Each structure stands twice: as C-alpha cells, then as structure tokens.
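Q: Each chain, letter by letter, is given below.
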Amino acid sequence: GAGVSQSPSNKVTEKGKDVELRCDPISGHTALYWYRQSLGQGLEFLIYFQGNSAPDKSGLPSDRFSAERTGGSVSTLTIQRTQQEDSAVYLCASSLGAGVAYNEQFFGPGTRLTVL
Amino acid sequence: AQSVTQLGSHVSVSEGALVLLRCNYSSSVPPYLFWYVQYPNQGLQLLLKYTSAATLVKGINGFEAEFKKSETSFHLTKPSAHMSDAAEYFCAVSDPLDGANSKLTFGKGITLSVRP
Numbered sequence: 001g002a003g004v005s006q007s008p009s010n011k012v013t014e015k016g017k018d019v020e021l022r023c024d025p026i027s028g029h030t031a032l033y034w035y036r037q038s039l040g041q042g043l044e045f046l047i048y049f050q051g052n053s054a055p056d057k058s059g060l061p062s063d064r065f066s067a068e069r070t071g072g073s074v075s076t077l078t079i080q081r082t083q084q085e086d087s088a089v090y091l092c093a094s095s096l097g098a099g100v101a102y103n104e105q106f107f108g109p110g111t112r113l114t115v116l
Numbered sequence: 117a118q119s120v121t122q123l124g125s126h127v128s129v130s131e132g133a134l135v136l137l138r139c140n141y142s143s144s145v146p147p148y149l150f151w152y153v154q155y156p157n158q159g160l161q162l163l164l165k166y167t168s169a170a171t172l173v174k175g176i177n178g179f180e181a182e183f184k185k186s187e188t189s190f191h192l193t194k195p196s197a198h199m200s201d202a203a204e205y206f207c208a209v210s211d212p213l214d215g216a217n218s219k220l221t222f223g224k225g226i227t228l229s230v231r232p
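Chains as they are written, first to last, in this note's numbering: chain A, 1 to 116; chain B, 117 to 232.
All the pointers check out, no bait thrown in.
Not everything, but these chain B residues come out facing chain A in the computed CB check (under 7 Å):
| # | residue |
| --- | --- |
| 1 | Gly159 |
| 2 | Asn217 |
| 3 | Lys219 |
Listed next, the stretches of chain A that the computed footprint assigns to chain B, with coverage defined by at least 3 CB atoms under 8 Å from CB atoms of chain B:
| # | segment |
| --- | --- |
| 4 | 37–47 |
| 5 | 107–115 |
The hints are simulated quantities; they were obtained by calculation from the structure and are not laboratory data. These numbers come from a predicted model, not from an experiment. Built from N, CA and C at the ideal position, the CB exists for glycine as well.
Chain A with its partners taken away, still in its complex shape (with noise of 0.2 Å):
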C-alpha cells in the first residue's frame, strides 16, 4: 500500500524566501508529525497533530516556521523568511494514533531543503 509522501523532494531557496513542504501521510492515520534532521543537531521533533485536537508546537524552533494540517489528512509545514541554518532533512510520519499497540510512526522520505 501506499506510504507517508513528501513533496518536493529536493529544495534550493535562496535566504529570505519562504517555502512550503508537502506530507502526505497514510490514508487512515490520525496522527501527523514533523521531524527536522540535520548534521548538527540530529533528528529533531518539530510538530505534532492528533486529530482534532490542538498541535503540540512545542518543538518550532521560531515564530518563522508553522505547520498546518487540512481536513485531517495533508499537511503543510511553511518556513517563513528561510536562513541557511533551515537547511536540513524535514521528515513527516503517520501513525494510526490508535493507542499504544498502534504507536508506530511510518516515515516518508523526506524534503532535503537547502537555503543559500
């Protein structure tokens, strides 16, 4: 079946532009997350949505990154006013969000950003 998906898979954007990424997750999966990989930092939290209910945004590094998801299924994560430390791996993963024995998260294959 299919997988979470990302859009676009590659991005080059100059500092001081905006860009939007894509998730895609699988059909069926209430919980939506977004993860930040990069050299210096590893695998970071970034968002997270379950349901209807409110995102736990604990994990946005500024006011310059938000994510929003629509209708329940896709998601947009938008980084505003983009700086070369933006330049990363932004990961998106689903899980049925169904309890503990549904817990696990399903990773799409990533948006490698790089801001010049």
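For chain A, the structure is supplied; the task is to place chain B on it using the hints.
A: Only chain B this time, still in chain A's reference frame:
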C-alpha cells in the same frame, strides 16, 4: 524531559559477527522505546519497539533488543551481521504520560559498517 544516549557514532563489524548497538535513556517513568534504521537517502523504518510488555523484543531482519530498567538501557543486537545491515541506526524514546502516540526524542544515531 526524556533523553537518549547512543555512545559512539560509528560501529564496524565483520560479516557474520555479532552486532551490538548501545542505547541508554533518561526518563522519570519507564518510557516507550524504539529502534529505527535509515538506509542512505531513505526515510526511517521501525526495527522494533518496547511498550511495557515483554522486556525482550524481537524485530525485523533478525534484530532484537532487551529493556533493562535497572540499567536504563535498550541495546540492539543481531547474532550475525549481513552486508545489507549497513545503515544508520537510531534509538528513540517517547513519554507514556504524553499519550500513546506522542513525539519521539531521538539519539544522535550510530552508523553501522559491515566488512566482508
């Protein structure tokens, strides 16, 4: 706050040798624990997880891990390494008090090389 320590950044073993990748956690309560593998230019794939059931957990590709509360450890092992095991391995933890599907906190990762 939860944290994960993976000592060392690189492990090299011969094909057929034992694989041992170490993971220690810091948590005020017994956490949920996960091992993920990442092959080059791919997303993360779950190897196995511990969610307070059996302390010895068997995963995919012949890997297993044992939860030892007294040592706050969750080391990953495989009796006989295969060339295809070469990848980066991440230990991760989540806090049950945040719910069954909460965010993951990752270790820095260990790169496993397998020599012919």
